[in-house]
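S.K.: Construct all of the structure, not just a fragment, from the sequences and the given hints.
Residues per chain, in single letters:
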Amino acid sequence: GQQLNQSPQSMFIQEGEDVSMNCTSSSIFNTWLWYKQDPGEGPVLLIALYKAGELTSNGRLTAQFGITRKDSFLNISASIPSDVGIYFCAEKAGGTSYGKLTFGQGTILTVHP
Amino acid sequence: AAGVIQSPRHLIKEKRETATLKCYPIPRHDTVYWYQQGPGQDPQFLISFYEKMQSDKGSIPDRFSAQQFSDYHSELNMSSLELGDSALYFCASSSRSVNVLEQYFGPGTRLTVT
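From first to last, the protein sequence lines are chains A and B. Under my numbering, the first sequence has 18 at position 18, and the numbering climbs by one with no breaks. Under my numbering, the second sequence has 38 at position 38, and the numbering climbs by one with no breaks.
Since the hints were derived computationally from the structure, they do not count as laboratory data. For every residue, glycine included, the Cβ atom is placed at its ideal position computed from N, Cα and C. Keep in mind that the hints are not guaranteed to be accurate.
A partial selection of chain A residues facing chain B, derived with a Cβ cut-off under 7 Å [stated by the list, open to error]: (1) 39; (2) 41; (3) 42; (4) 43; (5) 66; (6) 92; (7) 105; (8) 110; (9) 113.
Each computed BS3-like pair below joins lysine-lysine, with the alpha-carbon atoms no more than 30 Å apart [stated by the list, open to error]: (10) A:70 <-> A:92; (11) A:92 <-> B:22; (12) B:13 <-> B:52; (13) B:52 <-> B:22; (14) B:15 <-> A:92; (15) B:52 <-> A:92; (16) B:57 <-> B:22; (17) B:57 <-> B:15; (18) A:70 <-> A:51; (19) A:70 <-> B:57; (20) B:13 <-> B:57; (21) B:57 <-> A:51; (22) A:92 <-> A:51.
M.R.: Here it is, written out as structure tokens:
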């Protein structure tokens with residue numbers, strides 16, 4: 001089946017630093033989604049990408065859909081303590097699956113004040 | 001804005017018991033998805049419904065069943081519970097007419113099987 005590889009698995013940074021994480025796949029996709037999950041809560045949709053090369057921002061978050069359509073990255077600028085959580089990339093499974101999502105393994109972000 | 005509602009938020013059951021989880025999608029969303037997330041794992045797709053019909057099926061055990069009702073809410077029924085069923089269960093919803101891929105997740109139901 002499809003696999004998404006997220007890196008890094010975890011990050012420990014100081015407040016105010018910028019963060020970058022990425023997601024890669026061996027398959028070509030038409031959509032990349034980035035979610036953030038706080039402990040014990042549901043994933044929250046941060047950014048959705050639909051076109052190769054697309055760069056989209058949402059406040060301090062910026063995400064890009066790779067030209068090869070096999071990767072995506074998420075940047076967080078000027079991190080703050082509430083950025084702590086698990087960040088997942090996700091994509092729509094292929095074939096006739098209308099909306100079934102496959103998730104990466106997640107990147108655990110810790111921000112030290 | 002209204003979000004996905006799930007109930008109960010926490011559920012404790014014993015082995016071999018039955019559990020029912022409920023999901024109320026965002027108003028005007030027609031598609032509902034169920035995901036299971038084990039400790040330290042990413043969410044795994046179980047099943048989805050569009051307009052009350054099953055639209056996709058993932059790694060859902062035969063002991064589990066689900067349906068979507070006329071008011072679009074959905075229920076996940078789990079029978080003969082096993083210890084390994086302990087997990088967070090999320091419901092997500094989307095609108096096929098707007099953007100089926102942008103799924104909005106509920107807060108989850110934490111199921112503990114003892």
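S.K.: Check the structure against each numbered hint from earlier and tell me which ones fail, lowest number first.
M.R.: 1, 5, 8, 9, 14
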